[in-house]
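Residue strings, one per chain:
There are 2 protein chains.
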Amino acid sequence: MTTQTKNIYPAIILLLLGALVIVFAMLAMDRADSYVANGESHGSQSEGGKTHKVYEWSLVTTWPKDFPGLGSAANNFSRYVNDMSNGRLKVKVFGANELVPALGVFDAVSSGSVQAGHGAAYYWKGKIPASVFFTSVPFGLNAQEMNGWLAYGGGNELWREIYAPFNIIPFAGGNTGVQMAGWFNREINSVEDLKGLKMRIPGLGGEVLTRAGGTAVSIPGGELYTAMQTGVIDATEWVGPYNDLAFGFQQVAKYYYYPGWHEPGSTLELIVNKEAFEALPADLQAMVELASRAANQDMLDEYTGRNNSALEELVNTHGTQVRRLPDDVLALLKKYSEEIYEETAAKDPTFNKVYKNYKAFGEQSKAYHLISEEAYYKARRAN
Amino acid sequence: MTTQTKNIYPAIILLLLGALVIVFAMLAMDRADSYVANGESHGSQSEGGKTHKVYEWSLVTTWPKDFPGLGSAANNFSRYVNDMSNGRLKVKVFGANELVPALGVFDAVSSGSVQAGHGAAYYWKGKIPASVFFTSVPFGLNAQEMNGWLAYGGGNELWREIYAPFNIIPFAGGNTGVQMAGWFNREINSVEDLKGLKMRIPGLGGEVLTRAGGTAVSIPGGELYTAMQTGVIDATEWVGPYNDLAFGFQQVAKYYYYPGWHEPGSTLELIVNKEAFEALPADLQAMVELASRAANQDMLDEYTGRNNSALEELVNTHGTQVRRLPDDVLALLKKYSEEIYEETAAKDPTFNKVYKNYKAFGEQSKAYHLISEEAYYKARRAN
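In order, the protein sequences belong to chains A and B.
Under my numbering, the letters of the first sequence match residues 1 to 383, in that order.
Under my numbering, the letters of the second sequence match residues 1 to 383, in that order.
Think of the hints as simulated: they come from the structure by calculation, not from any bench.
Treat the hints loosely; a few may be bogus.
As the list makes no split between identical chains, a pair holds if one copy fits it or if it spans any two.
As the list claims (entries may be wrong) - Simulated pairs of lysine to aspartate or glutamate, EDC-like, Cα-Cα distance not exceeding 20 Å: (1) K378 <-> E223; (2) K198 <-> E363; (3) K65 <-> E161; (4) K378 <-> E157; (5) K254 <-> E56; (6) K65 <-> E339; (7) K125 <-> E192; (8) K378 <-> D327; (9) K92 <-> E363; (10) K274 <-> E223; (11) K53 <-> E207; (12) K53 <-> E275; (13) K359 <-> D107; (14) K65 <-> D328; (15) K359 <-> E312.
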């Protein structure tokens, strides 16, 4: 029996040693996983976080990489989700033409060849005429109203509905605030001065100008400065003081006209491929949604802060002449804008559906903001 | 030797069994933690998430629980961080007087007896006169400008600086937009009509009214309706159409005056105890910051969307008479407001420091928004 015992003990010890090794290995694997998942973490390793799948997204944009203002939202979004997810959702931002051309962003996200994109909905109006309402339309909602309409007026639901067939989920991802009417080398004193005006103005604004007798031309951003300098065009719109000053338009244009009737509160978009979004766990989905909301807010904050000082510099340092478009010009442009909405609505049921909702919200906003925001702007100038 | 061997084997077996139990227990604890941590999770358990410490915060507010508009930001903040953190940061919201009185919020967060609070900075002006600039001041910045100033004009840095001695980190946590001037049972046709006016109007607005010959009275919200009905007061300010309609002021007041000169863009605050914030890992800190930013945006969106339809209902259904304060009244109120700023700045160096920064940003905003947002509001009414 002692001999038998002698034979059994080592076997039990080996068995136990084996079990110990296995269990210890399991523990070690668990711990090791946490270091992989938290490769870019800023502190939660000490909390013992572990074993999270890492999602890597490519985000393509319609702007050049790191473009001031417009391009900052994609970078902010990437940083926000990285910081909040401890690196579980990594979003690599590509500028226009790095992965796909600027106007290839929508298709790339739709097909799933990339997971996300940043741009402006009105770029896709050839595909979806109603998309214009989700950026900005002539005489439409300003930034505060756009945000209100999207979140509380049914705008986001409509936006999701019209993008659904393309496998894309849209989020508001920035706002420029009301833009300037643009840089002109011809004085606009009456509606007559619009006739023959050669102006770089894209989208619906361009259609309106054409109806008023002008010529809307399409020129890439990189060629605008020279086109203004050489007189190829008489005028161009861009964004507002912050971007325009950096561009140097004050060197090649005589007059800086306001207000930006054609883009009163341009919303940018963050678009996400549906399958890519649905593949995320719910916490990362929440981060995507809230990071886009913070990026949306941040861009308007940046423009609000920086347009202020840029306008001051344009006027005080560069002697820029700031002019207001005359009332009759604005009234005519508004009339033609409304004609275009009605005509398009009659042809396109989706456009009509979005237009009706947008217009009803706009009428209420107009009534309320007349006695609130607008009345306040006027009141604080009281002497 | 066989005897010795017989004696040693059981000891080794016991030792190994013990080690196995300990290692197995460690593994089990790790796994168990993950289920505790993810008690409210929405899916990341399947990702294998585990062992995260759960932080439980109490958030006290200066509003009644679930108060429409003002109270929604705290609830949204709580939901946002819970969703994004998978329940690792749980924020329980308490209405006024549930844990501490409304005006005890700041002290409770400062002392660390609770981790967070939601209210308005100007409630603490007795302690910190400069705090008024972080909510709203008469003839000051509107919502868009407040957000721009805080994020890109140095506002947030100053806010953190003045709250630092109190162990509190502030974040913008909502905005009402410009408010209405209030409900009146006396017509205001000239500055003479301000004399003897008994109005419920707190803060700096009340000081301004007093200087203009009125009597600023302090009445709790719950007693306002009766005070207006019985003529104890001639007028009261509240918020704007959405909140005011729900309150029923249209039943006890003749005139609804605009614009809200005294609160042109009231920012609410989310305040966090410094140690509580610093105890969080970096990812949860990022969530707190970005959730507050999203909540900040959401409140303005909600007011923008809901004030619209509420004004329509007040006018069309209840026949509310909407009136504008006359120019000379606005000019006088503005003059007295500026006097108060200058006098307080002369006495309080911190007030002076914040005022100078705020004022400089305000002057630039005034110049830019005159040709942008204000000019646009006017332009779109063109006929």
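Cross-check of the supplied hints:
Taking the shortest alpha-carbon separations for K378 and E223, neither the intra-copy value of 39 Å nor the inter-copy value of 33 Å comes in at or below 20 Å. For the identical chains of this complex, K198 and E363 are neighbours neither inside a copy (32 Å) nor across copies (35 Å), given an alpha-carbon limit of 20 Å. Taking the closest pair of Cα atoms, K65 and E161 never come within 20 Å of each other, the shortest separation being 30 Å inside a single copy and 34 Å across copies. For the identical chains of this complex, K378 and E157 are neighbours neither inside a copy (35 Å) nor across copies (30 Å), given an alpha-carbon limit of 20 Å.
Taking CA atoms no more than 20 Å apart as the test, K254 paired with E56 passes in neither setting, with 48 Å inside one copy and 60 Å between copies. Proximity of K65 to E339 under the C-alpha cut-off of 20 Å is found in neither arrangement, the shortest distances being 37 Å within a copy and 48 Å between copies. Neither within a single protomer nor between protomers do K125 and E192 lie at most 20 Å apart by alpha-carbon distance, with minima of 30 Å and 57 Å respectively. For a Cα distance limit of 20 Å, the shortest separation of K378 from D327 qualifies both inside one copy, at 18 Å, and across copies, at 10 Å.
When the C-alpha separation of K92 and E363 is checked against a cutoff of 20 Å, the pair qualifies neither within a copy, at 41 Å, nor between copies, at 39 Å. Within a single copy, K274 and E223 get their C-alpha atoms no closer than 36 Å, and across copies no closer than 51 Å, so neither meets the 20 Å cut-off. Taking identical chains as interchangeable, the C-alpha atoms of K53 and E207 are never at most 20 Å apart, the minima being 49 Å within one chain and 58 Å between chains. For the homomeric pair K53 and E275, the shortest alpha-carbon distance inside one copy (16 Å) is at most 20 Å, but the shortest distance between copies (31 Å) is not.
When the C-alpha separation of K359 and D107 is checked against a cutoff of 20 Å, the pair qualifies neither within a copy, at 29 Å, nor between copies, at 47 Å. Taking the shortest Cα distances, K65 and D328 never come within 20 Å of each other, neither inside one copy (40 Å) nor across copies (51 Å). Proximity of K359 to E312 under the C-alpha cut-off of 20 Å is restricted to the inter-copy arrangement: shortest distance 15 Å between copies versus 35 Å within a copy.
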